[in-house]
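A.B. asks: So the protein lines, in turn, are chains X and B.
Just so you know, we're using my numbering here: the first sequence kicks off at -15 and counts up by one.
Just so you know, we're using my numbering here: the second sequence kicks off at 5 and counts up by one.
Derived from the structure by calculation, the hints contain no laboratory data.
Here a beta-carbon is modelled for each residue, glycine too, at the ideal position from N, C-alpha and C.
Please note that a few of the clues may not be correct.
[Claimed, not checked] Which stretches of chain X does chain B cover? Using the computed rule of at least three CB atoms under 8 Å from a CB of chain B, they are:
no.	stretch
1	108 to 121
2	150 to 160
[Claimed, not checked] Sample of chain X residues lacking proximity to chain B, with all beta carbon distances greater than 10 Å (derived):
no.	residue
3	I15
4	N204
5	S217
6	N241
7	R260
Single-letter residue listing:
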Amino acid sequence: MNRDALVWCLVAATVLAVAAALVLSRRNKAIAAKKQQAEAVLTQRLSESDLQLTALRAELQRHQDEHDKTIQEAEEAAEESTKAVLKGSARFLQSLAAEQLALLEEIQRKYGGHSVLGDLLEVSHANAQMARKAQGIAVMCGAPLGRRNRPASVYDVVRSAQGQIRNFRRVEIMQQTGFALKASAVSPVALAVAELLDNAASFSQQGSPIEITFQRVQKNLCIVIDDAGVGMSDEDRQKASALLSGDFRPRLSHLGNQPKFGFPVIGLLAQQYGFRVDVTGVSRYGGVRAVVLLPEELWTEEETAPAEDAQVSGIRGAVGRPEPVARTAHGLPRRGARQVPIASVPDRDATESPAAAPEDAGRAAGRSLGAFQRGTLSGRNLASAPSEGSDDA
Amino acid sequence: MNDEPDQELELTSALVPLFVITNGRALPPDNAYERTTLVSAQEGATASARTLSPEARQVLELVTEGFLSVAEVAAHTHLPLGIVRILLAQMEESGLIIARKPVPRAERVDREVLNAVLDGLKARFGA
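One chain only, chain X, in its complex shape (with noise of 0.2 Å):
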């Protein structure tokens, strides 16, 4: 009876327990069930928002860019143009300039003779200053360059560069050369080299020299300027090359007060005129070295003038061997007026002969002198005398 009783309660615990775990299990499923469908409805409003976030983010860039391009518009409208107004006022300058470079150039032909000449030359040094800045701005703005329309040697144009800088007497020209600048390189290169010296000048030591020299590489012809300044970090070389090889090109606005436009314009100008230059290299002084690379294109063998040539020789035979009937008219007849020669030929050895090489320069004084002698007397002789007379008065 009592082990009865005991076997069911003992299987009434078993069903009850069975009963529970039932429920348990299935309440289990249930929650992992619900949970699972919370998950999905998490991730599908993730997503969506994921996606609603990337719209915005596009959005927000359209707007960034539109608004970049907007700026950028405005800016190249606003650099357009300033550089409009800096033109014309550049290229009235421009001609200004250049006017009075011929006006002054006639000007000190006229008092060649005059010492208000000396005052003559430094104005019209200032003037040239003055021409390269404007011709600086104008390139700036995209106007163009003043126009030779005569090939000129590489030599004279690098002293044209010269005259258009401050400090030129520190400007030295090592050697001349045999090569001539193609008329439409003469004012670019002109400038290029101008510019090139002012930098020379303003970064280097008051009174050290700067020296010029010619290489002709292959088929370029180079133009090579060294100075004896402080040299330039890699920094600046690597801004220089970018501005000179002028793929970078900065803005008139971001010039700055003081504005540097040397290393633009050179960059303009290489580009414009298809030439090459380079300040990457250092001088034998240490300073700055920087060539000038001119293709085969733009230069030529200089010709020499034989007119020029045929005309120096016949004045010297003319002067050496005196021909009566085709000076008479022009220089002896005047010469012969003076009355001078045999006067002063005891005067002039007694100054001249000790300072020059003792018996070779005496000898050749004594040709020169028979020369001139012989000149003076067939002169005087064919002069005749009231055309001495009214000469002199």
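Knowing the structure of chain X, use the given hints to seat chain B on it.
C.D. replies: Just chain B, lined up with the frame of chain X:
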């Protein structure tokens, strides 16, 4: 100036300005290298002509083997007189040329005075 906006400006002035030819030197004093001063190249000066500027070389060529007045040098080189004077001063400094001054005006004998003296002598001594 805006009539022909993109027409190129033509530069008519000389490519090499005169002050570069003289290398910025000042004019010599007025009494040096007068128009009638005679100049001639020193012996052996042509050897150093290679290092000279084209203008100085032209002057040297003109006065080699003979004397030429400063005025004539200026005329032949087509350079203003003052520029030639500066070049000559520079060349004499470096021993390339010699210059011979003309006889000063006071030393020149006046023909009329001479004639008057001659007439006087003739009148007095009846030559």
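A.B. asks: Which earlier hints can't be squared with this structure?
C.D. replies: Checked against the structure, no hint fails, so every one of them is satisfied.
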